[in-house]
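Undergrad: Protein chains in written order, with this note's numbering: chain V, 11 to 419; chain A, 11 to 419.
Wrong hints could be hidden among the right ones.
[Unchecked claim] Residues on chain V that point at chain A, a partial pick, calculated with CB under 8 Å:
id, residue
1, Thr54
2, Arg83
3, Met85
4, Met92
5, Tyr160
6, Leu310
7, Tyr362
Treat the hints as calculated values from the structure; they're not laboratory data.
None of the values given here were measured: they were computed from a predicted structure.
The beta carbon of each residue, even a glycine, is placed where N, CA and C say it ideally should be.
There are 2 protein chains.
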Amino acid sequence: MSTAFSIEKISGSARLGRLTTPHGKIETPVFMPVGTVASVKGVTQETLEQLGAQIILGNTYHLYLRPGVETVRRMGGLHRFMSWPRAILTDSGGFQVFSLNELRKVTEDGVTFRSHLDGSAHVFTPESAIDVQIGLGADIIMAFDECTEYPADRERVRASMEMTARWAARCKKYFEDHKDQSLVGSAPTTQSDNPGTDMPPVSERSRQVSAANCQPASDKSQLLFGIVQGGMDRELRKESAERTIEIGFPGYAIGGLSVGEPRALTREIVESTLEHLPKDKPRYLMGVGTPEEIVEYASLGVDMMDCVLPTRAARHGLLFTSEGRISIKQARYAQDAEPLDSNCACSVCRRYSRAYLRHLYASNELLAQVLNSVHNLSFYLDTMQRVRHSISLGKDSRFLSGVGSRPKA
Amino acid sequence: MSTAFSIEKISGSARLGRLTTPHGKIETPVFMPVGTVASVKGVTQETLEQLGAQIILGNTYHLYLRPGVETVRRMGGLHRFMSWPRAILTDSGGFQVFSLNELRKVTEDGVTFRSHLDGSAHVFTPESAIDVQIGLGADIIMAFDECTEYPADRERVRASMEMTARWAARCKKYFEDHKDQSLVGSAPTTQSDNPGTDMPPVSERSRQVSAANCQPASDKSQLLFGIVQGGMDRELRKESAERTIEIGFPGYAIGGLSVGEPRALTREIVESTLEHLPKDKPRYLMGVGTPEEIVEYASLGVDMMDCVLPTRAARHGLLFTSEGRISIKQARYAQDAEPLDSNCACSVCRRYSRAYLRHLYASNELLAQVLNSVHNLSFYLDTMQRVRHSISLGKDSRFLSGVGSRPKA
Numbered sequence: 011m012s013t014a015f016s017i018e019k020i021s022g023s024a025r026l027g028r029l030t031t032p033h034g035k036i037e038t039p040v041f042m043p044v045g046t047v048a049s050v051k052g053v054t055q056e057t058l059e060q061l062g063a064q065i066i067l068g069n070t071y072h073l074y075l076r077p078g079v080e081t082v083r084r085m086g087g088l089h090r091f092m093s094w095p096r097a098i099l100t101d102s103g104g105f106q107v108f109s110l111n112e113l114r115k116v117t118e119d120g121v122t123f124r125s126h127l128d129g130s131a132h133v134f135t136p137e138s139a140i141d142v143q144i145g146l147g148a149d150i151i152m153a154f155d156e157c158t159e160y161p162a163d164r165e166r167v168r169a170s171m172e173m174t175a176r177w178a179a180r181c182k183k184y185f186e187d188h189k190d191q192s193l194v195g196s197a198p199t200t201q202s203d204n205p206g207t208d209m210p211p212v213s214e215r216s217r218q219v220s221a222a223n224c225q226p227a228s229d230k231s232q233l234l235f236g237i238v239q240g241g242m243d244r245e246l247r248k249e250s251a252e253r254t255i256e257i258g259f260p261g262y263a264i265g266g267l268s269v270g271e272p273r274a275l276t277r278e279i280v281e282s283t284l285e286h287l288p289k290d291k292p293r294y295l296m297g298v299g300t301p302e303e304i305v306e307y308a309s310l311g312v313d314m315m316d317c318v319l320p321t322r323a324a325r326h327g328l329l330f331t332s333e334g335r336i337s338i339k340q341a342r343y344a345q346d347a348e349p350l351d352s353n354c355a356c357s358v359c360r361r362y363s364r365a366y367l368r369h370l371y372a373s374n375e376l377l378a379q380v381l382n383s384v385h386n387l388s389f390y391l392d393t394m395q396r397v398r399h400s401i402s403l404g405k406d407s408r409f410l411s412g413v414g415s416r417p418k419a
Numbered sequence: 011m012s013t014a015f016s017i018e019k020i021s022g023s024a025r026l027g028r029l030t031t032p033h034g035k036i037e038t039p040v041f042m043p044v045g046t047v048a049s050v051k052g053v054t055q056e057t058l059e060q061l062g063a064q065i066i067l068g069n070t071y072h073l074y075l076r077p078g079v080e081t082v083r084r085m086g087g088l089h090r091f092m093s094w095p096r097a098i099l100t101d102s103g104g105f106q107v108f109s110l111n112e113l114r115k116v117t118e119d120g121v122t123f124r125s126h127l128d129g130s131a132h133v134f135t136p137e138s139a140i141d142v143q144i145g146l147g148a149d150i151i152m153a154f155d156e157c158t159e160y161p162a163d164r165e166r167v168r169a170s171m172e173m174t175a176r177w178a179a180r181c182k183k184y185f186e187d188h189k190d191q192s193l194v195g196s197a198p199t200t201q202s203d204n205p206g207t208d209m210p211p212v213s214e215r216s217r218q219v220s221a222a223n224c225q226p227a228s229d230k231s232q233l234l235f236g237i238v239q240g241g242m243d244r245e246l247r248k249e250s251a252e253r254t255i256e257i258g259f260p261g262y263a264i265g266g267l268s269v270g271e272p273r274a275l276t277r278e279i280v281e282s283t284l285e286h287l288p289k290d291k292p293r294y295l296m297g298v299g300t301p302e303e304i305v306e307y308a309s310l311g312v313d314m315m316d317c318v319l320p321t322r323a324a325r326h327g328l329l330f331t332s333e334g335r336i337s338i339k340q341a342r343y344a345q346d347a348e349p350l351d352s353n354c355a356c357s358v359c360r361r362y363s364r365a366y367l368r369h370l371y372a373s374n375e376l377l378a379q380v381l382n383s384v385h386n387l388s389f390y391l392d393t394m395q396r397v398r399h400s401i402s403l404g405k406d407s408r409f410l411s412g413v414g415s416r417p418k419a
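Using the sequences and the hints, build the whole thing.
TA: Here you go:
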């Protein structure tokens, strides 16, 4: 499976890579927009394609509860269900089970939790979490882990990390025994190696909407990544990395960060954990971060990141620009004819003024959330594109990105 | 001003026409999507262009309150403010003042009302309503009228209709005296006769976003339309039409319908009122209606219609299709892989399944409102396109439209 990832160029600690998935190749470092329940909030799949999103993330916990894995499976998997022809990653549900459920009960077997929607009781085990993710059919799926709370004492963190390691082994075993049931693995190949974004003309449509275009590009299997835990303890992180690597995965994630700890500590743990991860495998830092942070972590050698921040902030009127953050609700923008970011070529900045965006937000118009989300996602994706360009030129990715070199308040 | 409208073809009572505005020619019969506060809810201007919207409607009452006419004026008028290069019509505020204000006070001079936003007191007179509309700078503006309540006794309807006629004369006088202040009339001509929809490349952008593209196509003035009232009384409608025509306008609207009366009565009043309107001027039926109704009224000789129904229904999960209405929230669609409307070529029906749309709605996802709105608008605009095609072929517009001939429950 090591051929799934290749490193094209190295600049400092940063790496320009290429990750091959059943739904196309991904250039890394990559930012993955979050599409919690099979939708990146407020943004159409067409727009995501236009923005250059290479891979999006779905949340197993949410999709399991609604629409349910059986519905997604019957609809041909997540790609067909949401008509997204490029790559998808699903998390394992571990993080949501811990963050959305105060009444969860954790045993060696797994986690009993209550739905945040209707209070109904459910169980995730390492095996069931993988089973659900095989049913959803994402290109990259994640081991079921325990996201250790912060703060926690060392014994608690060690016990949690060790259980995550045991769960990782169970996940891998279940995956190896069942991966042939994956829609990604079993579906016929109908696309070229690099699926395009054009939809077939109406006259060629099959009964299943856009089915053909969401077929995997090859008969490659899903990729199961392991997750390193260990709280804020560098030694336990090292041990978690070693144990996870020993089990063996085609990619490794760093989980359990951005859970309330100071940002300097996050960075310290990321940097020290990266030292213990294989250089020839993709490294995924989960749930991070601000534009400055994604540039910084890419420069440290992180290959994949995801965060709800661009879309969530957008819905609250907080917009990221090359000149810093803008709170578009402010009256100072009411008659500002400038584009949101004069250095941005996104469809929002090409067409609309700050005054109009401010008016839409102040008027609580649906379009405010749509346009703000498109811009923020564009800003994140363009930032990562510039990081990749910097690495390809052998330059400091923080400089050319235009973000990391000058952090804004 | 009679040259602004030409009739290309007549089929029965239906007319295929062409209305020339400062922002391009409009083929009639036309359906005008409603963009209450300078946004068709949930739909970008790019998408509206792709859907073939020729003209959209803005509500003077709402725009007057927020962002305010001075802001719009300083931003270069409504076209520039919202970056919409095609035609815009603003209503006079009359309908909203009556429908949103229980505490309004009507005198011969005008209407005192309270903002539905903050309770602040405001006054609209015929003169001020025109002044606001000159400031907003729409291509077609409307006389300030009193929308008579339903039911009302004959004397009340007569008095109201007569005041609307007197107000119409005041509107016309004020407009004639001040129309040279209109941004539409005074702005320099920078576009060809038929403004395109492509935005200029980023490198050519001026400081004001998209300003050039929203310039009027010629130095033509705004068009002020009169409004016929008279409640549900055919005689009073006739008298209102005659008095409004005597004042003289380049187009005539039928107002005061769809205010709670039975639909058969609406149709009867429309049909009888149309008999008294000039055949060589555009006729605008305000606030109507369902897909079946817009086809029916076009066949009676109505040239322009607007309605919030396609977007409002969309936000409630009610979708219009060639096979009838669909309530997408229903569980029966949970695993339905078919497109919403297999006869529809809109971007939603080309790409997404009913199952996905149902999931988005059930999950209260922002994208549900966006996609549903795009489809319903597409259905309305395509319906009217088919009506125009039918008329051009000399056929019964109700037949070829695929809607009016088979009304659905």
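Undergrad: Against each hint, give a clear statement of whether it holds in the structure.
TA: Here is what the structure says about each hint:
Interface restraint check for Thr54/V: the shortest CB-CB distance to chain A comes to about 7 Å, inside 8 Å, so the restraint holds. A least Cβ separation of about 10 Å between Arg83/V and chain A goes past the 8 Å threshold, and the interface hint is therefore violated. Because the closest C-beta pair between Met85/V and chain A is about 5 Å apart, less than 8 Å, the hint holds. Taking 8 Å as the C-beta cut-off, the interface hint given for Met92/V holds, the closest approach to chain A being about 6 Å.
At its closest, the beta carbon of Tyr160/V sits 30 Å from a beta carbon of chain A; the interface hint therefore is violated under the 8 Å criterion. With a least beta-carbon distance of about 32 Å to chain A, the hint placing Leu310/V at the interface is violated under the 8 Å criterion. Using the Cβ-Cβ criterion of 8 Å, the hint placing Tyr362/V at the interface with chain A is satisfied: the shortest such distance is roughly 6 Å.
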